[in-house]
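Asker: Listed here are the chains, written in short residue letters.
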Amino acid sequence: MTDMYRAEKGTWVEIHSKVLSAGERAPQVPQDTQGIPLVMRTKGFLLQAANIGDEVEIETCAGRHLTGTLVVINPAYTHTFGPPIDELTTIGREVKAILKERGTNQ
Amino acid sequence: MNHGLESYEATMAQKDEIVKASVGLNYAQYRTGVLAFDYEKLLEDTGYDVTTAAAIQRQTAVGNTPLVELKNITALVRTTAASGKGARIFVKDEAANPSGSFKDRRASLSVHEAAKRGYAGVAAATSGNYGAAVASQAAKAGLRCIIVQEAFDSQNIAQPEIAEKTRACEAYGAEVIRLSVGPELFYVYLHVLKDTGYFNASLYTPYSIIGIETLGFELAQQVKLHTGQFPDAVITTHAGGGNVTGTARGLIKAGATESQMIAASVDLSGLHMASDHDFNRKSFTTGHTGFSMPFTTWPDRADVPRNAARALRYMDRFVTVTQGEVFYVTQVLAELEGLQRGPAGNTSLAAAFAIAREMDRDKIVVVQETEYTGAGKHPLAQLNLAKKLGIRISRGNPKDNQPGKRIVIPQHPSQLSVIDIDLDTVRRSYIRHALEHVPQGESLSAIDLQFLAEETRTNQAYVEETIDELHRKAG
Numbered sequence: 003m004t005d006m007y008r009a010e011k012g013t014w015v016e017i018h019s020k021v022l023s024a025g026e027r028a029p030q031v032p033q034d035t036q037g038i039p040l041v042m043r044t045k046g047f048l049l050q051a052a053n054i055g056d057e058v059e060i061e062t063c064a065g066r067h068l069t070g071t072l073v074v075i076n077p078a079y080t081h082t083f084g085p086p087i088d089e090l091t092t093i094g095r096e097v098k099a100i101l102k103e104r105g106t107n108q
Numbered sequence: 013m014n015h016g017l018e019s020y021e022a023t024m025a026q027k028d029e030i031v032k033a034s035v036g037l038n039y040a041q042y043r044t045g046v047l048a049f050d051y052e053k054l055l056e057d058t059g060y061d062v063t064t065a066a067a068i069q070r071q072t073a074v075g076n077t078p079l080v081e082l083k084n085i086t087a088l089v090r091t092t093a094a095s096g097k098g099a100r101i102f103v104k105d106e107a108a109n110p111s112g113s114f115k116d117r118r119a120s121l122s123v124h125e126a127a128k129r130g131y132a133g134v135a136a137a138t139s140g141n142y143g144a145a146v147a148s149q150a151a152k153a154g155l156r157c158i159i160v161q162e163a164f165d166s167q168n169i170a171q172p173e174i175a176e177k178t179r180a181c182e183a184y185g186a187e188v189i190r191l192s193v194g195p196e197l198f199y200v201y202l203h204v205l206k207d208t209g210y211f212n213a214s215l216y217t218p219y220s221i222i223g224i225e226t227l228g229f230e231l232a233q234q235v236k237l238h239t240g241q242f243p244d245a246v247i248t249t250h251a252g253g254g255n256v257t258g259t260a261r262g263l264i265k266a267g268a269t270e271s272q273m274i275a276a277s278v279d280l281s282g283l284h285m286a287s288d289h290d291f292n293r294k295s296f297t298t299g300h301t302g303f304s305m306p307f308t309t310w311p312d313r314a315d316v317p318r319n320a321a322r323a324l325r326y327m328d329r330f331v332t333v334t335q336g337e338v339f340y341v342t343q344v345l346a347e348l349e350g351l352q353r354g355p356a357g358n359t360s361l362a363a364a365f366a367i368a369r370e371m372d373r374d375k376i377v378v379v380q381e382t383e384y385t386g387a388g389k390h391p392l393a394q395l396n397l398a399k400k401l402g403i404r405i406s407r408g409n410p411k412d413n414q415p416g417k418r419i420v421i422p423q424h425p426s427q428l429s430v431i432d433i434d435l436d437t438v439r440r441s442y443i444r445h446a447l448e449h450v451p452q453g454e455s456l457s458a459i460d461l462q463f464l465a466e467e468t469r470t471n472q473a474y475v476e477e478t479i480d481e482l483h484r485k486a487g
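Chains E and G, in that order, are what the protein sequence lines are.
Per this note's numbering, residue 3 is the first one in the first sequence, and the count goes up by one each step.
Per this note's numbering, residue 13 is the first one in the second sequence, and the count goes up by one each step.
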């Protein structure tokens, strides 16, 4: 096992825990949601050295101590824009052309 | 692992006492009938008004946002309008607030109140801009902050716009609890409130609504200063009702009593708000009918006993636009006006485009908010996710847009339109919900009928007639 699965005390990590099992869900939720658990992910500073998959305790930014399964070490922000979308890229040209044509006509 | 929370039923049974301690308001004292309560007194007793709210907001650079005339968009509208038509469109650039949206106004009084009363921290259940606003205000006030979000589906795919809100909240030093899909978020939230004793910075307290009054008030004054008149119409992106309620109240307080208040939502009909499957197929996180329909027809479904956001009292018109129209207008705003904003906040801009087209050229339409744009919080992020989930993206007639199945980006600005929701149907639906909430063995008094008339902006005869009709149908 390499170091990438091990985190020292004080490392910024993400934990995972199950809040409600499938079958314990609130009565008003639709069938697809009934069939899956409600899970929670929270980040904080690890209170003891641990490996991915271990049950650990963290201290959150609000100072609370929470327990859960260690799932990510130094979790990345991966949300992005992605590639340009063809259906949007020409809109600017189109509306500028409309304005230009009208400007010439008026 | 299960993290040892009390059971769902046991926690929900303590709801009232947990909420009462967390907002420090005794809602029961405002009750005047079986359904009726003294709405104005609930707001008045906070001790804040539009002037004191503005003074508090100034301390953290909230408010006083620019009013921008969208001259190029107005010109584009006029190319699609009949002769003499095409009202001037202005936008209140609320993205200029510290955390990038008008939600700073809503958060400011709550955080101020929490600090004043000695709470150690504030909490909010929100997946939207409001979380960043509360976290930002809490950072400035030196309070701790916890934000609870519905953030990802069972495939662990995060809604990109919410992922950006997670990042923003964490950047302001808040603890963020991210949950999978489901309304039991409220159960987790109650635990947080009970565990911490923090102030519940709910979107629906009087503080939150009074905080928005400054927006309507400023807007009216700015338009008057700039054009010599109050706006003819103000268009508000509508979800939980706070934006419509607070803005309308602020307009009225500034004297702009004749301005038409138009609520606009993105049409998400056919998608279920608590469905894990539908969660990432909405392509919008707020400003949509999934919130605005239930909250308009029954506001007291919020995380406080009586919701201070009561949109039906204030709206003159309620319209929907399609997902594709909002994405289209977001691109137009960037390329013609040099403003990268939204997308969710541009719902009202899409509506303004269609509504201004039908109004005379000398009329004034104001879009009352913008919001910041960023990674995840952008049409590209939403459309790339939509594509990945098999939603068809095409150019075409917006009428062919089908939430969750196909997003149709208009081919031409003349295709932008609004669909009016029949307010009479909405009012009847509200009254039907109200009747469902009358406890067994109790009956409505004259005070209740008057309350329902105020709630629906009608009169007692209308309310009585509707109740009779509903009873006839049921009987």
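The hints are simulated quantities; they were obtained by calculation from the structure and are not laboratory data.
Since we're looking at a predicted model, the values are computed, not measured.
The beta-carbon is built from N, C-alpha and C at its ideal position, and this holds for glycine as well.
Don't take each hint at face value.
Below 25 Å or equal to it, Euclidean Cα-Cα: the simulated BS3-like pairs (lysine-lysine) are [what the hints assert, rightly or not]:
| # | chain 1 | residue 1 | chain 2 | residue 2 |
| --- | --- | --- | --- | --- |
| 1 | G | Lys206 | E | Lys98 |
| 2 | G | Lys417 | G | Lys83 |
| 3 | E | Lys102 | G | Lys97 |
| 4 | G | Lys97 | E | Lys98 |
| 5 | E | Lys20 | G | Lys83 |
| 6 | E | Lys102 | G | Lys236 |
| 7 | E | Lys20 | G | Lys97 |
| 8 | G | Lys27 | G | Lys236 |
Pair by pair, the computed Cβ-Cβ distance ranges are [as the list claims (entries may be wrong)]:
| # | chain 1 | residue 1 | chain 2 | residue 2 | range |
| --- | --- | --- | --- | --- | --- |
| 9 | G | Arg70 | E | Asp56 | 45 to 55 Å |
| 10 | E | Glu10 | G | Lys83 | 26 to 36 Å |
| 11 | E | Ala99 | G | Glu477 | 51 to 61 Å |
Asker: Next, verify each hint and record whether it holds.
Answerer: Hints and how they fare:
Restraint check for lysine 206 of chain G and lysine 98 of chain E: the C-alpha separation of about 56 Å exceeds 25 Å, so the hint is violated. Taken as a hint, the lysine 417 of chain G and lysine 83 of chain G pair is broken in the structure, with Cα atoms around 35 Å apart against an allowance of 25 Å. Restraint check for lysine 102 of chain E and lysine 97 of chain G: the C-alpha separation of about 19 Å stays at or below 25 Å, so the hint holds. Straight-line distance between C-alpha atoms of lysine 97 of chain G and lysine 98 of chain E comes to about 20 Å, which keeps the hinted pair within the 25 Å bound.
For the suggested pair lysine 20 of chain E and lysine 83 of chain G, the alpha carbons sit about 52 Å apart, so the restraint of at most 25 Å is broken. A threshold of 25 Å between alpha carbons decides the hint, and for lysine 102 of chain E with lysine 236 of chain G the separation of about 31 Å lies outside it, so the pair is violated. Annotation: proposed proximity of lysine 20 of chain E to lysine 97 of chain G is violated, straight-line Cα distance about 57 Å (limit 25 Å). For a cut-off of 25 Å, the pair hint linking lysine 27 of chain G to lysine 236 of chain G is broken: about 45 Å separates their Cα positions.
Checked against the given bound of 45 to 55 Å, the beta carbons of arginine 70 of chain G and aspartate 56 of chain E, roughly 49 Å apart, stay inside it. Against the hinted window of 26 to 36 Å, the Cβ-Cβ separation of glutamate 10 of chain E and lysine 83 of chain G comes to about 58 Å, which falls outside the hint. About 54 Å separates the C-beta atoms of alanine 99 of chain E and glutamate 477 of chain G, a value consistent with the hinted range of 51 to 61 Å.
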